[in-house]
Amino acid sequence: KNQVEQSPQSLIILEGKNCTLQCNYTVSPFSNLRWYKQDTGRGPVSLTIMTFSENTKSNGRYTATLDADTKQSSLHITASQLSDSASYICVVTQVNAGNMLTFGGGTRLMVKP
Amino acid sequence: DTAVSQTPKYLVTQMGNDKSIKCEQNLGHDTMYWYKQDSKKFLKIMFSYNNKELIINETVPNRFSPKSPDKAHLNLHINSLELGDSAVYFCASSQSPQGFYEQYFGPGTRLTVT
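Just so you know, the protein sequences line up as chains S and G, in that order.
For the first sequence, the residue numbers in the numbering used here are 5 to 117.
For the second sequence, the residue numbers in the numbering used here are 8 to 121.
Note that these hints are calculated values from the structure, not bench results.
Mixed in with the good hints, there may be bad ones.
[Stated by the list, open to error] Below, a list of computed lysine-lysine pairs in the DSSO-like style, where the Cα atoms sit at most 27 Å apart: (1) G/K78 - G/K47; (2) S/K61 - G/K51; (3) G/K48 - S/K21; (4) G/K26 - S/K75; (5) S/K61 - G/K48; (6) G/K47 - G/K59; (7) G/K29 - S/K116; (8) G/K59 - S/K75.
[To be verified] Chain G stretches covered by chain S per the calculated footprint, using a threshold of three residues with CB under 8 Å from any CB of chain S: (9) 23-35; (10) 100-110.
[As the list claims (entries may be wrong)] With the C-beta cut set under 7 Å, the calculated list includes, among others, these residues of chain S facing chain G: (11) S32; (12) P33; (13) S35; (14) R46; (15) G47; (16) S50; (17) M104.
C-beta: ideal position from N, C-alpha, C; glycine also.
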């Protein structure tokens, strides 16, 4: 079983609506958790990065939350735009593995007009 | 003004061939990585170099050999290609191997082995 699980696997929403993507992880101990956006045919681009002591981090219409006790994170997208259509990947940095990144499988978001 | 570039973007080849993928970063970073993204979209680390020295070498067949001629370049050579090598390979770089530093990814190389 992967140490970083994301849900849902895919999501379709209408333009202008909000959505929340979930990430559960078992990686421990970890130093930070990141959310990446990956457009089709492109490399991942960082949206947010949170240390284990942070609860929330915003980047424009993207807001990530982290609950280190329950090992859960979420990414909330406000007022979605067509350009938000992409895969969103949750990534956890393992402290005891040379700071390697462990990637979730991503949530594929499609925003429709 | 590309930060991390890879060539080629697409690579189609037959089983048994040897191929190379090149990566260059102009960010002045010390650390570079190779990742493999499989059909289920999971990204997995293959190798990491810091200042031209190998620091991470995950369980990867020794048919894969990274080479870092200088800090700005990390190439990936693959011998005797197999069907299972078909995937998208991403190069990335970061200022330092310390886990907090941002990693910047290249556009990926889609390798198809027939």
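The hints, checked one at a time:
1. G/K78 - G/K47: Measuring from Cα to Cα gives roughly 31 Å; hence the hint is violated.
2. S/K61 - G/K51: The hint holds at about 25 Å.
3. G/K48 - S/K21: At roughly 26 Å apart (the allowed maximum being 27 Å), S/K21 and G/K48 satisfy the hint.
4. G/K26 - S/K75: At roughly 41 Å apart (the allowed maximum being 27 Å), S/K75 and G/K26 break the hint.
5. S/K61 - G/K48: This hinted pair holds, its Cα atoms lying about 25 Å apart.
6. G/K47 - G/K59: violated (31 Å)
7. G/K29 - S/K116: violated (37 Å)
8. G/K59 - S/K75: Not satisfied, since the Cα-Cα distance of roughly 35 Å exceeds 27 Å.
9. 23-35: Result for this restraint: violated, n = 0.
10. 100-110: Since three or more residues must qualify, the claim that chain S covers the stretch 100-110 of chain G holds, with 6 doing so at under 8 Å.
11. S32: Interface hint status for S/S32: violated (14 Å vs cutoff 7 Å).
12. P33: At 11 Å from the nearest chain G Cβ, S/P33 fails the 7 Å test, so the hint is violated.
13. S35: holds (5 Å)
14. R46: Status holds, d = 6 Å.
15. G47: Hint on S/G47: holds, closest Cβ of chain G at ~3 Å, below 7 Å.
16. S50: It holds, given that the least Cβ distance between S/S50 and chain G is near 6 Å, below 7 Å.
17. M104: Given a least distance of 5 Å, the restraint on S/M104 holds.
Going through the hint list in order, the structure does not satisfy hints 1, 4, 6, 7, 8, 9, 11, 12.
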